[in-house]
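If you're matching positions, the sequence shown starts at 1 in our numbering and goes up one per residue.
Derived PhoX-like pairs (lysine-lysine); straight-line CA-CA distance at most 25 angstroms:
#1 K104 / K93
#2 K29 / K117
#3 K78 / K117
#4 K117 / K35
#5 K104 / K60
#6 K117 / K104
#7 K4 / K29
#8 K93 / K78
#9 K104 / K78
#10 K60 / K93
#11 K4 / K35
#12 K60 / K35
#13 K104 / K4
#14 K93 / K117
#15 K4 / K117
#16 K24 / K35
#17 K78 / K4
#18 K35 / K93
#19 K4 / K93
What follows is a set of in silico ranges between Cβ atoms, one per label pair, in the way DEER data are often shown:
#20 I3 / I89: 14 to 20 angstroms
#21 P96 / A67: 16 to 22 angstroms
#22 N118 / D56: 34 to 40 angstroms
#23 D107 / E16: 33 to 39 angstroms
#24 E16 / N118: 25 to 31 angstroms
#25 I89 / F10: 17 to 23 angstroms
#26 N79 / F21: 37 to 43 angstroms
#27 M1 / E23: 31 to 37 angstroms
Think of the hints as simulated: they come from the structure by calculation, not from any bench. Just so it is clear, CB atoms sit at the ideal spot from N, CA and C, and this is done for glycine as well.
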Amino acid sequence: MQIKQTLNRFYVHNIEQSIEFYEKVLNEKCNLRFKYSQVNLELAQIGNILILAGSDEALKPFRDTQATFLVDSIIEFKNFLLNNGATVIRDLKEVPTGMNMTVKHLDGTIVEYVEHKN
Numbered sequence: 001m002q003i004k005q006t007l008n009r010f011y012v013h014n015i016e017q018s019i020e021f022y023e024k025v026l027n028e029k030c031n032l033r034f035k036y037s038q039v040n041l042e043l044a045q046i047g048n049i050l051i052l053a054g055s056d057e058a059l060k061p062f063r064d065t066q067a068t069f070l071v072d073s074i075i076e077f078k079n080f081l082l083n084n085g086a087t088v089i090r091d092l093k094e095v096p097t098g099m100n101m102t103v104k105h106l107d108g109t110i111v112e113y114v115e116h117k118n
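Starting from the given sequences, assemble the full structure and let the hints guide the process.
Here you go:
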């Protein structure tokens, strides 16, 4: 059970502008970009930044989520978290990159867990 990467989440309206800016600031290229049509969002990753772009209405259900943890085994993390006082807000589901769930930790922090498909 391992967290492979922690992503800071930035919520924006203009993904093109944000990608261009953060590529310059971080001196890195966007290494992941996709439309998540089911929730009317477009996502992009540059380094340790996850950009979520959409309307205020589309972003609203996700704004309280403070980070994304990329993990090696989402099932193991779900079991661990439930045994350690966490509450599942959005249960396991397939997403364009693999599987995810959103969890509220014992301290109130809300984190998305993602296991990328191979």
